[in-house]
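These protein sequence lines are chains A and B, in that order.
If you count the first sequence from 1, you need to add 102 to reach the numbering used here.
If you count the second sequence from 1, you need to add 102 to reach the numbering used here.
When chains are identical, the list treats them as one kind, so a pair holds in a single copy or across two.
Once the Cα atoms are required to be at most 20 angstroms apart in a straight line, the calculated DMTMM-like pairs of lysine to aspartate or glutamate come out as:
| hint | residue 1 | residue 2 |
| --- | --- | --- |
| 1 | Lys248 | Glu588 |
| 2 | Lys207 | Asp621 |
| 3 | Lys414 | Glu529 |
| 4 | Lys248 | Asp610 |
| 5 | Lys248 | Glu560 |
If you are wondering where the hints come from, they were derived from the structure by calculation, not from laboratory data.
Number of protein chains: 2
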Amino acid sequence: MNLTGNLLIGATDVLATEGSMQALNPATNEWLEPSFAFGGAAQVEQAATLADAAFDSYSHTSLTERAAFLETIADNLDAVRAELAARAALETGLPQAQLEGEAGKAATQFRQFADVVRRGRFLQLAIDPAQPERQPRPRMDHRLQKIAIGPVAIFGASNFPIAYSVAGGDTASALAAGATVVLKAHNAHPGASEIQARAIRKALQQHGLHEGVFAMLRGSGNAIGEALVDHPLIKAVTFTGSEAGGMALYRRAQLRPEPIPVFSEMTSVNPTFILPQALAARGAPIGDGFIERMLVNVGQACLCPSILIAIKGPGFAELRSAMIHRVTAAPARTMLTPGIHGAYVKGLAALQSAGADPVAVGTPADAAFEGHAALLEVDGQRLLAEPALAHEVFGPSALLVTVSDEEELLAVARALRGQLSAAMHLEDADLALARRLLPILERRTGRIVVNAFAHPQEVTFATVHGGPFPATTDSRFTSVGMSAIERFLRPVAYQGFPDALLPPVLRDGNPLNVPRSIDGQ
Amino acid sequence: MNLTGNLLIGATDVLATEGSMQALNPATNEWLEPSFAFGGAAQVEQAATLADAAFDSYSHTSLTERAAFLETIADNLDAVRAELAARAALETGLPQAQLEGEAGKAATQFRQFADVVRRGRFLQLAIDPAQPERQPRPRMDHRLQKIAIGPVAIFGASNFPIAYSVAGGDTASALAAGATVVLKAHNAHPGASEIQARAIRKALQQHGLHEGVFAMLRGSGNAIGEALVDHPLIKAVTFTGSEAGGMALYRRAQLRPEPIPVFSEMTSVNPTFILPQALAARGAPIGDGFIERMLVNVGQACLCPSILIAIKGPGFAELRSAMIHRVTAAPARTMLTPGIHGAYVKGLAALQSAGADPVAVGTPADAAFEGHAALLEVDGQRLLAEPALAHEVFGPSALLVTVSDEEELLAVARALRGQLSAAMHLEDADLALARRLLPILERRTGRIVVNAFAHPQEVTFATVHGGPFPATTDSRFTSVGMSAIERFLRPVAYQGFPDALLPPVLRDGNPLNVPRSIDGQ
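The shape of chain A in the complex, shown without the other chains:
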């Protein structure tokens, strides 16, 4: 595919209006061709207007038609998989094989959401039939379906340049819901973004859908994102990235004359608790496995396990030395962007200033934007006194928190902010302590893992990639898994409708054979 560097708005390729950029290869610190266009408020206006114009027809596509469209996107992604992974590797410094896997996962997500659409359960169809004989007055027929909330703004993330970017789960779930999408591409991987956006636009054309269903914008600085969040035709926003970025968008959207939902997925240290019997039985493999997972994606992952909490006792020395060994052996690796690399270096220094002791470092960097692995440690009392120690440092570092007893372990758990995930490593003899820890974790996390790590994540029906603030801005939703579609749906009730006027999925006799509850059954 020839990269043009243009914005994609409707069927039109839009040239730069506010300057342009080139992608940086962070491994070589060299600029990549071609130039990529920046747009501004005028392009936001154009894309949002088209997204609004496309909404009525797209949101009313049949389940079959919409599912087929999503599958075509998946096919189109498969067709460019190698090229996409190669370009993404150049732009991110991540291994091409890993990125091919990520591209495959992105295509799979579109197929999974096609399946969700076809099954129709997400419509949450409910019928409360008329009761003409009811006293003192008859009950009318009521029928409920969920419909899309409106045109949606999606901000591509930097760290997974496919699965959380242009063709990521946000786009897949929004399109599955029947929402139209204006995507703001991340500047860290503009070429990979264009390849994905073209795969989506091509599918729109293959299915003869309205050109406004999907657009991809790009801009310099924050202005284009702000214009997008401010636009009155945009009805919801999703974001994956830093706490500062996610909160800026969230607060801005809440100050609109018409506030709109913003699902920002922001920060998590994914605390991992090693209960005493598990520590005694498996200290070394747990420590080794923890660091192995921490190093995935050079630690640049929302699910990076960053804090390990263990009670000093049998197995602790083995755990600690396995962590040290694996960190020490880890090669420095290229980080996604100079900015992320700089923030990582600063974050490590901040942990030390806050009282964490450096225990081990990996092979030092020998290129500009390589991040070295790091292990720090702190005792529970210090962590309780200095909550900043439990804030995320985005990159390949881990904090080992040593607590003196069960009460201190529970106190550390209670001091944690909201998290995407937490893990407990336990043996049967640890169950009593686990039962005390569990309600604390339930109130603070979206997912609790036993005897494994938050990474890797399954994308299934029971997946939750969400959690209390500041993990996300709304703990009632998830951005990964089949329930991610719920962020973009709202209920509408139809009362006393003649059959011919009802949406087809709600008509008498269930002609489309979609699951429906009748009087709640």
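The hints should help you fit chain B onto chain A, whose structure is shown.
Quick look at chain B alone, frame taken from chain A:
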């Protein structure tokens, strides 16, 4: 029941700390005994701390236990029904018979939510079983349930002193979800509030539940509500009332360090479209029925049909004269509070200043806070030029909007803000126009009614009492009907759990026999 006028915090009756008030009988303009206590930030702290302390035990009650508690509340409400209705009548000027009905409806809601709890569908249990043989890596077992979001602040409404107040749908659905509740009572009916709060507290004691599950506060001015919304232990807010009040709470909650969801249900004119064939066939009864429903509760209802849109043509004269006739015949009736009465008088004047012509008035008031019925009219072009004409005037007034053709009718529909409901009156020959109007209404309303009016509302599974802004602050939820519980629930995933550590509803073999989806089926 002896009214004490105290705040109810935990098992304790708390005396006034910030002055006190008496209830006004708006029909006689006389103060009622006794004095009712005002609290302040210290009482918010006390109630929120107790609600947080109660959360773990209450949110983990079994479905059976929680359902039985809700049913006891219903029984306790039934036991005080006559007394409650009598006191509410004194405090609101509403008819006692209507208020007995409302008390019965409130009790029914608790029983309905008890049924929802027992069935367990709201938990949205999902299991994705382990796949140990899967390649390239095994899949772990994942299980999802929904749990309560945390302690919730509920603001009682003024206009339905029972069904949208202390023992209203917000409280019923929050308690059903497993959330603990700090309720801020409305000062318009403090005695009725106390009777309801005592019914809830008594049920807590009958079931031996934690005293912090429910508290009722009251305060002078906005300070206590602000302290409640600001409190870090409060995790969600619901409000029913004016747009100004609802937005003030919403914006305040979004400025917290940790923003929280606020469901404010605020304003709706419930536009009613009369399509040409229905107008020709049934102009007079439609006009009469519209005004009849407009007058319910002296027009002080979120679902009050306030705007009627019709194309000039056959049947229009009959429609208009039926509306005039019914308005002219309507006696002035006591409004809820002096403030609401004053705002109604000002709202009518504002409609006229904006260009609406007065067409008919009901019997003039002969007491201080009586509101007279009013019918105004305007043409479609004027409404399109002056959007303020389509804003709600809370009280017994209606606006007749005359449009010249179908295109102008659709243009008026497009110009409307978000609504709780809309209605279409139609005959079979109107279906083509209805099909053009429907998608416009779907994007702007939570409920669409055919050949009836928004009032009365069924409380069922397919009920939606929600809608796009400014009808509510989040169109994805409803505050009435069985789905109202969703506002207070968040998903948690359990991965790789030993059976003994799983929540009982998620254990192998489904010992509690609750509906669960397996791999999405």
